[in-house]
Every structure is written in structure tokens, then in C-alpha cells.
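Undergrad: Each chain, letter by letter, is given below.
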Amino acid sequence: MDLTFSESEEQFRSEVREWLTVNVPKPALPSGDTAPGFALHLEWERKLFDARYSVVSWPSDLGGRDATLWEWLIFEEEYWLANAPQRVTQNGIFLLAPTIFEFGTAEQQRRLLPKMASGEHTWCQGWSEPNAGSDLAGISSRAVRDASAGGWRLAGQKTWTTRGAFCTHLFGLFRTEPEAAASGSRPGRHHSMTYFLVELDQPGVTVRGVERLDGDLGFAEVFFDDVFVPDDMVLGGVNEGWSVAMATTGSERGLTLRSPGRFLATAQRLIELCKERIASGGARDQAVQDRIVQAWIDAEAYRWQTFGTVTRLVDGAKSGAESSMVKLFWSELDVRLQELALELLGPHAELIDGDFAHWMKAYEFALAGPIYAGTNEIQRNVVAERVLGLPRK
Amino acid sequence: MRFEFSQEQFQFRDAVRDVLAKTCQPGDVREAWNNQTGRAPSAWAALHDMGVLAMLAPTEAGGLGLTELDIVLILEETGRCALPEPIVETALIAAPEGWVNGTDSASVSLPESPFGVWTDTCASVVTLTADGVRVAPRESVRLTQRESVDGARRLFAIDMGSTAPIAPVTSTALAFRRGVLGTSAQLLGLADRMIEMTVDYVKEREQFGVKIGTFQAVKHHLANARTKLEFARPLTYRAAASLASRDALASQHVSMAKVQSSDAASLAARVALQCHGAIGYTTECDLHLFMKRSWALERAWGAANWHRRMIAQSLFERL
Ligand SMILES: Cc1cc2nc3c(=O)[nH]c(=O)nc-3n(C[C@H](O)[C@H](O)[C@H](O)COP(=O)(O)OP(=O)(O)OC[C@H]3O[C@@H](n4cnc5c(N)ncnc54)[C@H](O)[C@@H]3O)c2cc1C
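Protein chains in written order, with my numbering: chain A, 69 to 461; chain B, 54 to 372.
Some clues are possibly wrong.
[As the list claims (entries may be wrong)] The calculated lysine to any residue pairs, modelled on SDA-like cross-linking and capped at a C-alpha distance of 20 Å, are:
hint: 1; chain 1: B; residue 1: K272; chain 2: A; residue 2: N444
hint: 2; chain 1: B; residue 1: K264; chain 2: A; residue 2: R460
hint: 3; chain 1: B; residue 1: K281; chain 2: A; residue 2: P198
hint: 4; chain 1: A; residue 1: K429; chain 2: B; residue 2: A270
hint: 5; chain 1: A; residue 1: K461; chain 2: B; residue 2: A331
hint: 6; chain 1: B; residue 1: K272; chain 2: A; residue 2: E86
hint: 7; chain 1: A; residue 1: K461; chain 2: B; residue 2: K281
hint: 8; chain 1: B; residue 1: K264; chain 2: A; residue 2: N444
hint: 9; chain 1: B; residue 1: K264; chain 2: A; residue 2: D203
hint: 10; chain 1: B; residue 1: K256; chain 2: A; residue 2: S202
hint: 11; chain 1: B; residue 1: K264; chain 2: A; residue 2: E445
hint: 12; chain 1: B; residue 1: K256; chain 2: A; residue 2: K386
hint: 13; chain 1: A; residue 1: K429; chain 2: B; residue 2: K264
hint: 14; chain 1: A; residue 1: K429; chain 2: B; residue 2: G262
hint: 15; chain 1: B; residue 1: K264; chain 2: A; residue 2: E86
hint: 16; chain 1: A; residue 1: K461; chain 2: B; residue 2: K272
hint: 17; chain 1: A; residue 1: K461; chain 2: B; residue 2: V222
hint: 18; chain 1: B; residue 1: K272; chain 2: A; residue 2: R460
hint: 19; chain 1: B; residue 1: K264; chain 2: A; residue 2: N449
hint: 20; chain 1: A; residue 1: K461; chain 2: B; residue 2: W86
hint: 21; chain 1: A; residue 1: K386; chain 2: A; residue 2: R460
hint: 22; chain 1: B; residue 1: K256; chain 2: A; residue 2: Q158
hint: 23; chain 1: A; residue 1: K461; chain 2: B; residue 2: T335
hint: 24; chain 1: B; residue 1: K256; chain 2: A; residue 2: G206
Bear in mind the hints are in silico, worked out from the structure with no lab data behind them. It should be emphasised that the depicted structure is a prediction, and the values quoted were computed from it without experimental measurement.
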């Protein structure tokens with residue numbers, strides 16, 4: 069056991085902190101889930117990229133700085149503590165990139181990753197369809213081989229595509245052997261999908277923005293009508309899309325998408341809010357204060373659980389079904405943190421103008437956590453079956 | 054002991070439910086989000102025509118001379134349809150005191166609920182403070198508009214200027230208790246509606262080749278929400294009876310009602326959203342109209358924690 073960061077890690081932390089202190093936009097940017105807000109966030113992404121902070125853990129020739137996992141964690145802690153903008157590029161850099169590193173050819177990596185790092189390409193995730201949410205293997209959007217053109221033709225519809233209305237590219241699963249799927253057998257359903265990378269600005273693609281709970285156009289429906297995708301935009305093998313996609317869902321649930329730094333920072337801000345409310349004449353509410361303490365403890369627990377996971381990953385282990393527990397934990401912690409802020413605000417909680425508006429917005433976003441990245445009901449099934457070894461139904 | 058409403062009370066509730074089912078549909082609530090006033094005028098007119106607005110007004114003043122116990126089920130219905138109207142402020146607080154009559158409406162603010170709702174289109178503005186009740190015509194007060202997460206709720210910070218208190222502190226207390234009771238009743242209706250919508254949805258939506266309502270996880274969520282509601286309703290009904298009979302502990306009883314109904318609505322909203330999945334996370338789905346009203350009302354007229362502290366004071370004082 070050694071519970072200290074090395075000198076060079078501490079050095080990295082202070083560099084990051086200094087840079088963020090100078091550069092984080094103030095006042096905070098408008099929501100990145102609106103067209104004008106998205107554009108401003110891209111400017112910020114560009115600034116991060118120019119300072120080589122957009123993808124610290126990537127190799128330097130692809131736009132990163134070869135940071136270790138530990139340094140990446142430190143970066144995240146500092147990023148959220150500095151109240152820096154949400155990452156509108158996150159679905160690319162946190163969800164797609166790990167898959168490209170694992171399954172992409174060297175050529176694909178060189179062609180796709182630097183543009184992702186700079187924000188020139190922005191990626192959205194095309195998994196869900198109207199009839200395939202939790203049951204992702206139930207997708208029906210399909211791709212038909214066009215051998216003479218050297219590629220595939222896509223047809224169908226994706227939905228709930230986060231920031232699909234603003235992104236340049238989509239990664240998603242499409243059915244490449246509809247007959248196998250129709251047989252209904254499990255292997256049939258799972259071995260007939262392929263992972264495609266699709267440019268959205270082309271004939272046959274129609275994107276309709278859909279308002280999320282907070283009124284932003286953060287969702288999209290994406291329709292495909294005879295959309296051409298060249299062979300070099302297939303990720304992994306044809307008909308192997310399911311295993312390619314599943315290999316990295318751990319990233320979404322576990323470490324990368326929602327690192328502990330976020331929740332540590334929110335817990336800190338919640339404590340500040342509580343102190344401010346008392347200082348400005350609010351009643352001291354021991355019951356709420358106790359729950360804030362518990363939420364802060366939980367954020368620390370997530371941090372230390374992560375330190376264990378990172379140690380094992382650095383030692384060469386693979387992440388497994390434990391990531392489902394991580395997803396359950398952070399998503400429910402986030403709801404509690406934001407709910408506590410609303411409790412502190414009392415009748416001011418409903419305001420969406422003025423100084424406290426961001427808390428209601430953050431509460432609304434936290435409520436989505438138990439739904440996206442695999443619902444918490446599904447995660448509980450995974451924990452029961454794959455961590456505890458309980459029999460499947 | 055007989056803890057049940059009368060046949061007449063149920064019948065009137067059903068009649069109001071029928072009328073609101075026609076005049077305050079989700080489309081009408083959406084309309085209120087987008088219109089000038091945030092209100093649903095045809096529902097308001099219908100409630101006036103049925104005598105609801107004047108239920109508690111004395112008969113001498115042309116009212117029905119009824120009590121909180123007679124109106125509590127009606128208020129629950131106004132929650133069930135997320136009625137965007139100041140029904141609690143008007144029918145339960147202002148009309149019984151003669152501060153408004155006819156189709157006129159009232160807006161009320163107080164330290165625990167510092168914003169009036171729909172104030173700019175109300176005839177009378179009422180504030181409740183420790184030194185008494187102030188009532189003024191809308192034209193004589195200064196309003197500053199604020200924005201609520203519930204787009205139908207038009208919020209205003211109210212400046213009463215030099216208006217002097219007209220009523221003694223005892224009527225402040227009564228007005229406050231009535232407001233808390235009415236809000237609790239609306240929260241029950243909201244919770245019930247969100248559970249009902251979700252039950253309907255999970256019987257339709259299929260994943261993995263079956264209705265999602267067949268999954269035990271989904272069933273348990275909904276059963277928990279329904280159970281919470283089951284143990285919120287009786288306390289609101291009991292508080293209504295306590296107010297009607299001017300029970301000495303009425304203050305504690307309305308606080309208990311508000312705690313329980315706020316928590317029941319909060320859980321119902323959470324469960325409803327979770328069982329809907331992403332579709333519930335859009336403004337295209339009606340659920341958000343009910344969820345956002347719940348979030349606002351849970352914390353209006355004293356949030357659950359505030360009322361727990363009030364109850365704690367009285368409980369531990371008497372030890
Ligand atoms: C904010 C947000 C952003 C999103 N972004 C994206 C995106 O960028 N790209 C994308 O592809 N998708 C995205 N999604 C969609 C997300 O992946 C789906 O919402 C999720 O997979 C659940 O599917 P569903 O919404 O269809 O719900 P359903 O699958 O219909 O589930 C409804 C309810 O039934 C329960 N249920 C379903 N099956 C079972 C079971 N077997 N056992 C127990 N309970 C079950 C669920 O847990 C849930 O409570 C996003 C969703 C949200 C809320």
C-alpha cells in the first residue's frame with residue numbers, strides 16, 4: 069500500500085490546476101445541449117486540445133500526452149473541481165475511442181482519433197431504437213452489402229441520440245444478417261450485427277432534435293434512408309458488432325464516463341451551498357446536514373473504490389461486471405447530491421432563473437443517470453447474475 | 054369512529070373529476086405552458102359554475118358554507134389533472150374570508166413560499182407574515198416575475214408596499230394551514246396520476262419480447278410508490294377533518310400530511326420516470342407536466358423537512 073501520489077503526479081496536478089484556473093470560462097457556458105451552446109463548447113474543446121488537455125491519456129502522436137491512468141484521474145478531479153464545462157465530445161472520446169483503440173486498425177486510429185481529439189469530428193452514440201432500449205439486441209436498423217461500391221447501405225432509425233442534432237458523426241450497431249436475427253435464437257440475434265461509423269452530413273440522413281426533460285434539444289432521432297458507408301468505416305469484424313460494442317460498455321458504466329472527480333466536486337459545492345444558506349439566515353437542518361455528510365462519504369467511497377480498480381487495471385487486469393456496481397453507485401449518488409441541494413433551496417428550488425437555476429438543471433440531468441448507459445434495473449440483474457453468480461431466469 | 058367520506062362527498066368528487074377530465078387535459082396544461090397567463094380558463098369557469106370556488110364561503114356571502122373536509126377530495130382532483138390555477142389560494146384561503154368572490158382569483162405568498170403564483174392575473178394578492186394577513190388589489194402591488202421549472206406556474210415576488218395587516222395573526226395561522234392542506238391534497242392527486250400513467254405504460258411497452266410490466270423490478274418500483282401513497286392519503290384526510298373541527302392539534306396534523314404527501318409524490322415521480330425510460334425524459338411525453346408540478350409543490354408551503362422540524366418542536370416540547 070502506498071496512499072500518496074508521486075512527485076511527478078503532484079506536479080501534473082498543479083500544472084492542470086493552474087491552467088484551468090486561468091482558462092475555465094467565466095461565467096459558465098450556456099448548456100451544450102443547445103445549438104449555440106454546443107458551438108461555444110466546441111471552442112472550449114479546441115482550447116483544451118491546443119493545450120493538449122482534451123485527451124490526456126492518449127498517445128501524443130494522436131493528440132494526447134501519454135498520461136497514465138492515475139494522471140487521467142487527477143486531471144478529471146481537477147477538471148470538475150474547477151467547474152469546467154461539460155464535455156460535449158464525451159461520447160466520442162470516452163465511449164467510442166476505447167473501442168477504436170481495441171478494435172480499430174492502425175489506419176483507422178490515425179484517420180479518426182486526432183480529429184476526434186480536436187473536436188473537428190463530434191460523435192454521437194447510435195445504439196437505441198424505438199423498439200430496442202434495454203433490449204439492445206432487438207435492433208432492426210440494417211445494413212445491406214453494396215459490393216460494387218465497396219461498402220454498405222443503411223436503413224432504419226436510431227433514437228435518444230444525445231446531441232445527435234449537433235454532431236458530425238454517429239457510431240452505432242446495424243443488423244447485417246436480418247435472416248439470422250429473425251430466427252430468434254440468441255446466437256442469431258447477437259451474431260448478426262455490425263459496428264458502423266457514419267458521417268451524418270450526407271444524403272439519406274435525417275436528424276430531428278427532440279426536447280429533453282430540461283427543454284434543451286439534447287436528444288435526436290436519426291433516420292437512415294439508403295445511406296452509404298464505406299468498408300473502412302466498419303469497426304471490428306462484420307457480424308461481430310455485438311461483441312465489439314460490449315467489450316467497451318464497461319467504459320460507459322465504469323471509469324471513464326463519470327469519474328469520481330465529478331461527484332467529489334458536487335459534494336464540495338453542496339457543502340458550500342449549505343454554509344451559504346446558513347450564513348444568509350437559513351435554518352440549520354441537522355437531518356439534511358447528516359445526509360450531506362453521507363453523500364460526501366459516498367463520493368469519497370467512489371474515489372477509493374476507483375483507486376483500487378485503477379491499481380488492478382495498471383497491473384494488467386481487465387474490467388468486468390463490477391462496472392455495473394459502479395454505474396449503480398454513481399448514478400444513485402448523483403441523484404442524492406442534487407436532491408439535497410434542492411432541499412437546501414426549499415421553495416427556491418423550482419426557479420430556473422437566477423443564482424440557483426443550475427441546481428434544478430443538474431437535478432434533472434441526474435435523474436437520467438439511472439436510465440442511460442443501461443438502466444439500473446438491468447445493472448442489478450447483471451450484478452446478481454455475473455458478480456454473485458445467481459441463476460439466470 | 055368512522056373514517057370515510059360520505060356518499061355526497063364522493064359523488065361531488067366524481068362530478069368534478071368528470072368535468073376536469075374534459076376541461077383540463079394534458080393538452081390544456083401544455084397550452085397553459087405556452088399562453089400569456091399560464092392558466093386554463095375553461096377549467097376555472099367550470100369549477101366556478103359547479104360552485105367549487107365558493108364551497109367554503111359563508112352562505113350569507115352566497116357561498117356553500119362547507120368545510121375543508123368537503124373540498125379536500127376536490128383538491129386532490131385538481132392535482133390529478135395538474136390544474137394550472139390558483140384553486141388552493143382562492144377556494145381554500147381567500148373566498149372563505151371574503152377576500153375574493155365570483156370568478157376572481159387570489160394569489161398568496163408567505164415566508165415558506167415566497168413567490169405568488171399566477172399573481173399577475175389574480176384580482177387579490179394576499180401575504181401571510183408573522184404580524185398578520187395583508188390583502189391588496191393586484192393593481193396596488195409591485196410584482197417581479199420569476200421563472201419556474203413548471204412552465205405553467207407563473208411566479209412573482211410580491212412587494213405589498215405600505216399595505217397594513219388587516220387580519221389578526223390567528224387568521225394567518227388558519228390561512229397557512231389551509232394552504233398546506235390544499236397543497237398536500239394536490240400532491241396526492243399528482244402521485245396517483247403519475248402511478249396510473251406508468252402502470253398503463255408498462256402494460257404496453259415491450260422489451261425482450263414481453264411487457265416490461267412483467268419484470269419484477271418494474272412491479273416492485275410501482276408497488277413501492279403505491280404503498281407510499283396509501284400511507285399519505287389518510288393523513289391528509291385526517292388533517293382536513295381536524296381543520297374542519299378546529300382541532301387544537303390541526304397545525305401538527307397538516308404538517309404530517311404535507312410531509313407524507315410530499316414524499317409520496319417525490320417517489321411517484323422518480324418511479325414513473327424510471328419505469329418509462331428515455332421516453333419519460335422528454336417534453337413530448339405528458340409525464341413531465343406532472344413531475345414538474347410535483348417538484349414545485351413538494352417544496353411550496355414548507356417542504357417535508359421544514360414540516361418535520363415543526364412537528365419536532367411540538368413533539369419534544371411536550372415531553
Ligand atoms: C439522458 C439520456 C441520454 C441517452 N443517450 C443515448 C445515446 O446517446 N445513444 C443511445 O443509443 N441511447 C441513448 N439513451 C437511451 C438509453 O440507452 C435507453 O434509455 C436505455 O437503454 C433504456 O431503454 P428505454 O429508454 O427504451 O427503456 P426500456 O428498455 O423500455 O425500459 C423501461 C423500464 O423497464 C425496465 N426494464 C426493461 N427491461 C428490463 C428487465 N429485463 N428487467 C428489469 N427491468 C427492465 C427498465 O429498467 C426501465 O425501468 C439515452 C437515454 C437518456 C435518458
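Undergrad: Now look at each hint and say whether the structure bears it out.
TA: Hint-by-hint comparison with the structure:
no.: 1; hint: B/K272 with A/N444; verdict: holds, 14 Å
no.: 2; hint: B/K264 with A/R460; verdict: holds, 19 Å
no.: 3; hint: B/K281 with A/P198; verdict: violated, 32 Å
no.: 4; hint: A/K429 with B/A270; verdict: violated, 28 Å
no.: 5; hint: A/K461 with B/A331; verdict: violated, 25 Å
no.: 6; hint: B/K272 with A/E86; verdict: violated, 51 Å
no.: 7; hint: A/K461 with B/K281; verdict: violated, 29 Å
no.: 8; hint: B/K264 with A/N444; verdict: holds, 18 Å
no.: 9; hint: B/K264 with A/D203; verdict: holds, 12 Å
no.: 10; hint: B/K256 with A/S202; verdict: holds, 16 Å
no.: 11; hint: B/K264 with A/E445; verdict: holds, 15 Å
no.: 12; hint: B/K256 with A/K386; verdict: violated, 39 Å
no.: 13; hint: A/K429 with B/K264; verdict: violated, 32 Å
no.: 14; hint: A/K429 with B/G262; verdict: violated, 35 Å
no.: 15; hint: B/K264 with A/E86; verdict: violated, 53 Å
no.: 16; hint: A/K461 with B/K272; verdict: holds, 16 Å
no.: 17; hint: A/K461 with B/V222; verdict: violated, 63 Å
no.: 18; hint: B/K272 with A/R460; verdict: holds, 19 Å
no.: 19; hint: B/K264 with A/N449; verdict: holds, 17 Å
no.: 20; hint: A/K461 with B/W86; verdict: violated, 45 Å
no.: 21; hint: A/K386 with A/R460; verdict: violated, 23 Å
no.: 22; hint: B/K256 with A/Q158; verdict: violated, 35 Å
no.: 23; hint: A/K461 with B/T335; verdict: violated, 32 Å
no.: 24; hint: B/K256 with A/G206; verdict: holds, 19 Å
Consistency with the previously given hints fails for numbers 3, 4, 5, 6, 7, 12, 13, 14, 15, 17, 20, 21, 22, 23, ordered from lowest to highest.
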